[in-house]
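Asker: Chain by chain, the residues run as shown.
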Amino acid sequence: MLINNLKFAYKTRRAWWYTATSRSRARFARTTLGSFWLGFSNLLSIGTLGIVYGTVFSVQDFRSYFMYLGVGLVIWNTISSSISNSPQLFAHNSSNIKNMNLKPLFYTFEEWSFQLQTFIQSFALVFFVFLFLKFSLLSNFLISSWMPLLNLFIFIYWFPLIVCLISVRFTDIAQLVPIVLQLVFLTSPILYRKESLGELAWITNINFIYKILDSLRISILKGDVNYQDSILILSVNLIGLFFTLKYLDKEAKRLPFLL
Amino acid sequence: MIKIDNTELQKLYIAFFGRPGDPSGINYWLSQANSNESLTLKKVSYELSIQAEYLQNILDNRSIESQINRFYINLFGRKSDFNCLNYLLDMVNNKQYYISDILYFLLYENHENQFVEPDQLDKDLFVLDNKVFAAKIFTQQINKSISLVNLYQPDSFSPWSSGDSFMKAAKFISNISSKKVTVQEVNTFINSLSDNPLNNPLNILTQPAIEMKNISLSIPIYCLENRSLSKSITEKVTNFTGGKLTESKNGTNIVALNNINLTIMKGERIALIGHNGSGKSSFLRLIAGIYKPTNGHIMIDVDVYPMLQKTFLTSPELTGIDACKAHYLLKHHCLSGFDKFLNEIIDFSGLGSYISLPIKTYSEGMSARLIFSILTSSPHDCLAIDEGFGTGDSDFTDRAEERMKKFMDSAATLFLASHSEELLKQFCNRGIVFSHGSIVFDGSLDAALNYYHTHDYYNKNVNK
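Chains as they are written, first to last, in this note's numbering: chain A, 1 to 259; chain B, 1001 to 1464.
With the rest of the complex left out, here is chain A (with noise of 0.2 angstroms):
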């Protein structure tokens, strides 16, 4: 069933790929810039928060903070709005749903897609600036950050389907997901140092969405990588994977009343 599923995923992925580039077309289509807003919004927000946080902090070097900040909103943004927005996906398909015999998955690979493409997007506009800052990025970015950036795209498409799928059943999640995304942020280090924390910096170590952030920022700006660290959440990656696909599977038949 499981490869079934993948075939099914291969074969169509042009039309969901296509989908979702629509939907990002969609969503800018009164814009003059139309998705480098996506960009710019977080340029925005990077310069904004850097001073602020970086007085508020006592930031010595605001070039390495501007960089810190930067890559952590974008990834930050790019995995929040994958989990906030999933609790509706299913919602926002439920014609379709109830009407073509589309497999869900394909909806899933559409959302999966288009949270990839924005993404793309943001972080393109972003690390284009940061060039300017510190060329190395570049080779930091083509040599070390592959794995990481892997196990960002796998964790972007299970986590928030395992998200949605709960959240389909037990709509009180639904209402939960912002709060606890705005309490995961708060107690990430992504507007602060890691050392900020002090005695809890423990937390971190709990923290799997700060896990999946961080080796990807630290393999762009320092071109580190602990590859013990990446297989290990690749590992954890690739079983979230399996069982929400298992799992999808086994509400798939229940989906169409469930909405």
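No false leads were slipped in.
Restraint ranges, calculated between C-beta atoms of paired labels, are given here:
no., chain 1, residue 1, chain 2, residue 2, range
1, B, Pro1316, A, Ala124, 26 to 32 angstroms
2, B, Asn1343, A, Ser45, 41 to 47 angstroms
3, B, Pro1220, A, Ile120, 36 to 42 angstroms
4, A, Ile206, B, Glu1364, 49 to 55 angstroms
5, A, Ala91, B, Ser1038, 53 to 59 angstroms
6, B, Asp1339, A, Ile206, 52 to 58 angstroms
7, A, Leu258, B, Thr1182, 52 to 58 angstroms
So these bits of chain A aren't anywhere near chain B, every CB distance computed over 10 angstroms:
no., residue
8, Ala9
9, Gly54
10, Phe62
11, Leu105
12, Gln121
13, Phe127
14, Leu138
15, Ile143
16, Met147
17, Phe153
18, Ile162
19, Ala201
20, Asn207
21, Tyr227
It should be emphasised that the hints constitute simulated quantities derived from the structure, not laboratory data.
Where is the CB? At the ideal position from N, CA and C, for every residue including glycine.
Given the structure of chain A, go ahead and fit chain B onto it with the hints provided.
Answerer: Only chain B this time, still in chain A's reference frame:
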């Protein structure tokens, strides 16, 4: 009182028409007998005696004597003996019996004991049993395939014209004597009904497209409100529409489909008939794979293409071209040939340059034109169409109807749920009547519509 069943009905059909009963006729009388306890064989006999087939094709100014002798030949393969004939003639002339009463008398009141030797009586009964056996097998085999049902029909109902297959079947029955008939012989005869062996329905409709065994579908109601639905609501309130409501520990369920046993052969064209909420749409969603059965086994050996509601794959913010492209990619997995497809859509839908505008700027009719044009642009093996799938505004209707006809004709297998008899008669030949999630009738379309419209259907199925 003698029970009205297949055997007794076949006797009447053989006596009056000389042929086995057609499935829709037999099913009609059986359903009447089930719903009306006061219906007797004598009454059925009378009804058959005033049917056009008898009055126009067989009676043809025959004398009473000739009619009685015809009964004898049809039933026992011999003419009536002199004493018995006089006795029966006397009943008609002096006691004002109808010809239908004579047949009833002949079949069920054993008057022949008075006039016929026991050996002849045994022989008569043996011949009749043989004929009835063959007729029952014949009807049963015909009922297995809608093409055979269509083949075994009169050439015309009004004015009545019997047709070749009825005459051949009558000849087959008339040739049956005291020699026991086998099922193989009946099947061989059915095969010979079609002139062209390549078009033989027995050869065409041999591959099942969909098989269902004891299929049930319960739709759980996942909402907080249903937890407060008291049992009294589900048990005491009469539902005039929809499936039965049941309570379980998890909440309320709607029994959308219940104990469905069905075989649909590739090439059949099925009309789904029933009141609102009878289970037609749930059935369509089940065969399309949108719903999975709660219980039972289903085998689907055909790609079912559902046309249930007008929905686009893309956002209304996007243009008609985007919608076309998404559908094209989903079906063809590449954009090769898309330009031709798009031009054809633009041409047929009449949207012109509107195709480049966002769908949200379209009127409802324009959206309907576009989605109709997209979905009917290429043929499919099996279609599942709900009546809600309209064709847009009136200007578009004529072209849409013509295209829909071609589209439905191109599908080998068709399921059409509708309340429009005109539409069903145009495209379907087998009718399945649903009521409260169960199949209450399955047969030829005419018989199914007849069943649906009988007063008893409403009494038994809607107002229960």
